[in-house]
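Taken in sequence, the protein lines are chains A and B. When you number the first sequence by UniProt numbering, it's gap-free, plus one each residue, and the end is 127. When you number the second sequence by UniProt numbering, it's gap-free, plus one each residue, and the end is 572.
Hint data in this document are derived by calculation from the structure and do not stem from the laboratory. Careful: at least some of the hints might be erroneous.
Stated by the list, open to error - Cβ pair distances, simulated, as ranges:
1. A:Y83 <-> B:F104: 36 to 42 Å
2. A:K5 <-> B:N153: 54 to 60 Å
3. B:T73 <-> A:M124: 30 to 36 Å
4. B:S200 <-> A:M124: 53 to 59 Å
5. B:T73 <-> A:K5: 54 to 60 Å
To be verified - Straight line, CA to CA, 25 Å or less: simulated SDA-like cross-link-like pairs of lysine to any residue:
6. A:K5 <-> B:P22
7. B:K102 <-> A:D55
8. A:K29 <-> B:G35
9. A:K5 <-> B:K435
10. A:K5 <-> A:R56
11. B:K435 <-> B:D464
12. A:K5 <-> B:A31
13. B:K113 <-> A:T57
14. A:K29 <-> A:L72
15. B:K102 <-> A:L3
16. A:K5 <-> B:K102
17. A:K29 <-> B:D53
18. B:K433 <-> B:R294
19. B:K102 <-> B:D53
20. A:K5 <-> B:D53
21. B:K102 <-> A:T57
22. B:K102 <-> B:R82
23. B:K257 <-> B:I86
24. B:K435 <-> B:F552
25. B:K102 <-> A:K29
26. A:K5 <-> B:T421
Unchecked claim - Facing chain A, a subset of chain B residues (Cβ under 8 Å, in silico):
27. A11
28. F13
29. R51
30. F54
31. F55
32. L152
33. I154
34. R315
35. L318
36. V320
37. I411
C-beta: ideal position from N, C-alpha, C; glycine also.
Listed here are the chains, written in short residue letters.
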Amino acid sequence: MNLEKVVFGFFIVLAATLNFGFFIGEIDKPHHHHVSELFAAIVVNLIATVLKFGDRTQIGAIHLATSLVAVLQLIAAAVAWGYAVYMSAEGLTPGATASVVSLSGGALLANLISVTMLIAETVMLRR
Amino acid sequence: MNMNTSLINNAFFVALRHMRAPLIFLVAIFAISVGGLVLIPGIDAEGNPWRMDFFHALYFISYTATTIGFGETPHAFTDEQRLWVIFCIFLSVIGWAYAISKLFAVIQDRGFKQALTGQRFARSVRRLGDSFYLICGYGETGQLLARSLDHLNIPFVVIDIDPERIDELDLQDYLFDAPGLVGDARLPNNLIMAGLTHPSCVGVIALTNDNFANLAVAIAVRLLNPEIPALCRATTVDVAANMASFGTRHIIDPFEKFAEYLALAIRSPGSYRLLEWLTGLPGTELAAERVPPRGRWLVCGYGRFGQAIVRHITREQLDVTLIDPKPPSRETALPWILGVGTRAETLWEAGVNGAVGIVAGTDDDINNLSIVVTARELNPNLFVVLRQNLQANHELFKAFDSDFTVVPSEIIAHECLAILTTPLLSRFLAIVKRKDDVWADDVIARVSAVTGTLVPAVWSVTLDSRQAPAVAETVRRSAMGLDSLMRDPVDRNRQLPCIPLMVVRGAEDIEIPEPELMLREGDSILFAGMSSAHQDQQSMLGNINVLNYVLFGTEVVGSWLWRKLTGAEAGL
Chain A
1 MNLEKVVFGF FIVLAATLNF GFFIGEIDKP HHHHVSELFA AIVVNLIATV LKFGDRTQIG
61 AIHLATSLVA VLQLIAAAVA WGYAVYMSAE GLTPGATASV VSLSGGALLA NLISVTMLIA
121 ETVMLRR
Chain B
1 MNMNTSLINN AFFVALRHMR APLIFLVAIF AISVGGLVLI PGIDAEGNPW RMDFFHALYF
61 ISYTATTIGF GETPHAFTDE QRLWVIFCIF LSVIGWAYAI SKLFAVIQDR GFKQALTGQR
121 FARSVRRLGD SFYLICGYGE TGQLLARSLD HLNIPFVVID IDPERIDELD LQDYLFDAPG
181 LVGDARLPNN LIMAGLTHPS CVGVIALTND NFANLAVAIA VRLLNPEIPA LCRATTVDVA
241 ANMASFGTRH IIDPFEKFAE YLALAIRSPG SYRLLEWLTG LPGTELAAER VPPRGRWLVC
301 GYGRFGQAIV RHITREQLDV TLIDPKPPSR ETALPWILGV GTRAETLWEA GVNGAVGIVA
361 GTDDDINNLS IVVTARELNP NLFVVLRQNL QANHELFKAF DSDFTVVPSE IIAHECLAIL
421 TTPLLSRFLA IVKRKDDVWA DDVIARVSAV TGTLVPAVWS VTLDSRQAPA VAETVRRSAM
481 GLDSLMRDPV DRNRQLPCIP LMVVRGAEDI EIPEPELMLR EGDSILFAGM SSAHQDQQSM
541 LGNINVLNYV LFGTEVVGSW LWRKLTGAEA GL
């Protein structure tokens with residue numbers, strides 16, 4: 001058993017599950033999407049991204065790319081959330097919630113790609 | 001190619017790999033700190049309970065962790081919150097300290113530095129747009145050659161195994177920044193990084209003092225980029241033969257070369273004079289040199305140099321007496337005196353009084369000088385050939401007025417330059433070596449008719465679409481004589497100060513062609529003359545309008561629109 005693989009797999013899957021947890025629910029209902037989950041998803045995604053730094057294999061490069069996409073989308077969601085709550089006059093409207101959640105949905109897709117690649121990598125490795 | 005790109009990205013990846021742990025540590029610290037702040041309950045100014053949200057927690061931790069310090073927002077903290085913040089401050093300081101120390105460690109890392117310099121070098125090589133030469137070995141010869149190439153505005157890249165020499169490269173006042181790599185030229189990867197497979201690399205020159213390194217370069221060039229010529233220095237017959245078997249086009253053995261020239265000077269002074277003339281530095285006065293006499297010669301030092309000299313001059317039916325402290329390593333029928341030529345007794349014994357010339361060819365400069373000084377005292381009429389091993393002793397050798405001074409590094413550098421700048425010249429020189437004095441004197445008379453006593457510039461022109469597009473197009477469609485190329489583009493009735501030495505047409509060499517010779521596409525012509533003539537000629541090779549004037553004496557309208565408007569002829 002390779003500890004590095006365990007750690008990496010753990011973070012990739014955790015990132016996807018947290019992201020999914022935040023994403024699931026009706027898109028414009030703020031109480032369906034807890035902000036703590038968004039925070040946790042960002043943190044775990046960041047760690048998953050950093051874990052792929054310096055990997056010079058082809059699949060490592062794609063992993064890094066998808067992680068970067070996920071982080072970017074999640075941070076965009078966090079910024080949209082922060083803007084809606086603190087800066088816009090209307091507060092967290094259903095529309096604002098929808099854009100936050102849809103951004104996190106994009107990140108979820110990237111995270112799912114990461115997980116798929118993780119599985120593919122494991123299946124290809126016949127050991 | 002794959003190898004190459006991974007080398008180039010190396011530095012970045014090394015840094016990323018090392019920074020992985022500290023970055024994850026920082027992310028974790030931020031996450032724990034922010035999480036804690038969100039969880040701990042607080043009380044606002046009115047006494048209402050409140051909880052910090054992620055936005056404010058991240059804001060607070062961001063400025064606290066970077067030690068800016070800003071006060072407690074949005075409300076004053078409770079003691080529980082302050083306790084947590086104390087913890088956060090220490091945690092973040094540890095995190096930053098760790099990350100920064102790691103970053104410095106990475107920058108100091110030898111492997112990282114190497115990767116970084118390698119990357120910088122590879123980038124500067126990739127940026128070289130013009131055709132450049134790759135010089136392996138930046139010793140005396142390499143530096144001499146580099147200076148000359150720089151003088152001719154030809155870029156080059158240098159590899160040397162000695163870091164000090166590459167440092168020296170930066171100190172030289174070259175017109176452009178020559179990239180230099182510290183590395184072993186025997187390793188193909190270093191050669192590739194230095195641009196061996198770069199499309200702009202037009203030649204490789206191997207001048208290291210290690211014969212086998214030069215051989216390795218020759219092999220690498222043959223296998224990795226067989227299109228480009230390799231010029232290699234070789235000082236043993238075996239290595240030279242090995243290089244030749246790999247198709248190395250130019251193998252330069254300075255001793256062999258000099259011995260050949262000395263023999264030529266003895267056999268045919270006129271040919272030698274012509275050869276000297278054509279390979280000298282353009283624009284300088286040609287120094288009058290004594291002709292080496294026929295008779296009995298003394299050769300001091302029977303090493304590689306001595307052997308080459310003896311091999312060549314015995315072919316000219318000269319008597320040779322050898323002087324060497326060691327008995328001959330190779331069988332020789334020549335008279336042999338054991339001893340060092342620096343002692344008068346040894347020279348007496350060798351019969352210095354009856355000799356006409358002496359070759360001081362040991363590998364020790366001071367001994368060589370001592371030999372010739374002693375020999376000249378014993379016989380003032382001796383013709384003296386002196387071998388100088390180190391460029392550093394130049395002043396000493398200049399002070400002694402020898403008839404011939406052999407400086408191997410200069411011979412190699414001159415030879416390289418002649419091959420690189422005018423490839424046809426070496427072909428012509430091979431013809432010169434076969435010809436007799438009468439022929440050579442005739443050529444000298446023709447050349448000096450246009451340049452006087454100055455050393456002529458020598459250049460070659462190939463009539464193809466790249467070097468001479470206008471002329472190539474013209475000769476494809478109509479007849480054009482060689483004399484047209486020597487007319488002044490300012491006044492076509494005047495002759496440019498140059499003469500054609502040779503026309504190469506396919507496998508055929510036409511020596512000293514007549515001016516009436518009709519040109520064909522693909523001809524290569526070797527010219528000798530004033531360097532100003534070269535520039536004037538260049539203008540007509542590429543510009544159809546200038547060529548039109550030279551051929552027909554009429555100014556031709558260049559633009560299509562103007563021709564239509566004025567109804568002028570298009571000329572060619």
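Quick rundown of the hints versus the structure:
A hinted range of 36 to 42 Å holds for the C-beta pair A:Y83 and B:F104, which are about 38 Å apart. In this structure, A:K5 and B:N153 meet the distance hint of 54 to 60 Å, their C-beta atoms being roughly 57 Å apart. Between B:T73 and A:M124, the C-beta spacing of about 51 Å breaks the proposed range 30 to 36 Å. With their beta carbons about 41 Å apart, B:S200 and A:M124 fall outside the hinted range of 53 to 59 Å.
In this structure, B:T73 and A:K5 break the distance hint of 54 to 60 Å, their C-beta atoms being roughly 43 Å apart. Distance check on the hinted pair: A:K5 and B:P22 sit about 19 Å apart at the alpha-carbon level, within 25 Å; holds. Between B:K102 and A:D55 the CA atoms are separated by roughly 19 Å; this keeps the pair inside 25 Å, and the hint holds. For the hint linking A:K29 to B:G35, the alpha-carbon distance of about 24 Å falls within 25 Å, and the restraint holds.
For the given pair, A:K5 sits about 78 Å from B:K435 by alpha-carbon distance, which is inconsistent with the 25 Å threshold. At most 25 Å may separate the alpha-carbon atoms for a hinted pair to count; A:K5 and A:R56 meet this at roughly 16 Å. About 30 Å separates the Cα atoms of B:K435 and B:D464, which puts this hinted pair outside 25 Å; it is violated. Only pairs whose Cα atoms come within 25 Å are accepted, and A:K5 paired with B:A31 is accepted, the gap being roughly 23 Å.
At roughly 23 Å between alpha-carbon atoms, B:K113 and A:T57 fall within 25 Å of each other, so this suggested pair holds. Distance hint between A:K29 and A:L72 is fulfilled; the C-alpha atoms sit about 23 Å from each other, no more than 25 Å. Restraint check for B:K102 and A:L3: the C-alpha separation of about 23 Å stays at or below 25 Å, so the hint holds. This hinted pair checks out: A:K5 and B:K102 have alpha carbons roughly 24 Å apart, not beyond 25 Å.
For the proposed pair A:K29 and B:D53, the alpha carbon gap of about 19 Å is at most 25 Å, so the pair holds. Pair hint B:K433 plus B:R294 holds up; C-alpha atoms about 18 Å apart against a cutoff of 25 Å. For the given pair, B:K102 sits about 33 Å from B:D53 by alpha-carbon distance, which is inconsistent with the 25 Å threshold. At most 25 Å may separate the alpha-carbon atoms for a hinted pair to count; A:K5 and B:D53 exceed this at roughly 34 Å.
For the suggested pair B:K102 and A:T57, the alpha carbons sit about 24 Å apart, so the restraint of at most 25 Å is met. The suggested pairing of B:K102 with B:R82 is violated, with an alpha-carbon distance near 30 Å, which exceeds 25 Å. Proposed proximity of B:K257 and B:I86 is contradicted: the alpha carbons are some 81 Å apart, above 25 Å. With a C-alpha separation of about 38 Å, the suggested pair B:K435 and B:F552 falls outside the 25 Å cut-off, and the hint is violated.
With a C-alpha separation of about 45 Å, the suggested pair B:K102 and A:K29 falls outside the 25 Å cut-off, and the hint is violated. For the hint linking A:K5 to B:T421, the alpha-carbon distance of about 59 Å lies beyond 25 Å, and the restraint is violated. Taken as an interface hint, B:A11 does not check out: its beta carbon lies about 11 Å from the nearest beta carbon of chain A, beyond 8 Å. Below 8 Å, beta-carbon pairs count as interface contacts, and B:F13 has one with chain A at about 5 Å; its hint therefore holds.
This hint is violated: B:R51 has a C-beta 11 Å from the nearest C-beta of chain A, more than the 8 Å allowed. Nearest Cβ of chain A to the Cβ of B:F54: about 5 Å, under the 8 Å cut. The hint holds. Interface hint status for B:F55: upheld, as the beta-carbon distance to the closest one in chain A is roughly 5 Å, under 8 Å. Among the interface hints, the one on B:L152 is violated; its C-beta lies about 42 Å from the nearest C-beta in chain A, farther than the 8 Å criterion.
Proximity of B:I154 to chain A is violated relative to the hint, the smallest CB-CB distance being about 37 Å (cut-off 8 Å). Here the hint on B:R315 is broken, as its CB sits about 62 Å from the closest CB of chain A, past 8 Å. The restraint placing B:L318 at the interface with chain A is violated, with a minimum CB-CB distance near 67 Å, outside the 8 Å limit. At its closest, the beta carbon of B:V320 sits 65 Å from a beta carbon of chain A; the interface hint therefore is violated under the 8 Å criterion.
Taking 8 Å as the C-beta cut-off, the interface hint given for B:I411 is violated, the closest approach to chain A being about 48 Å.
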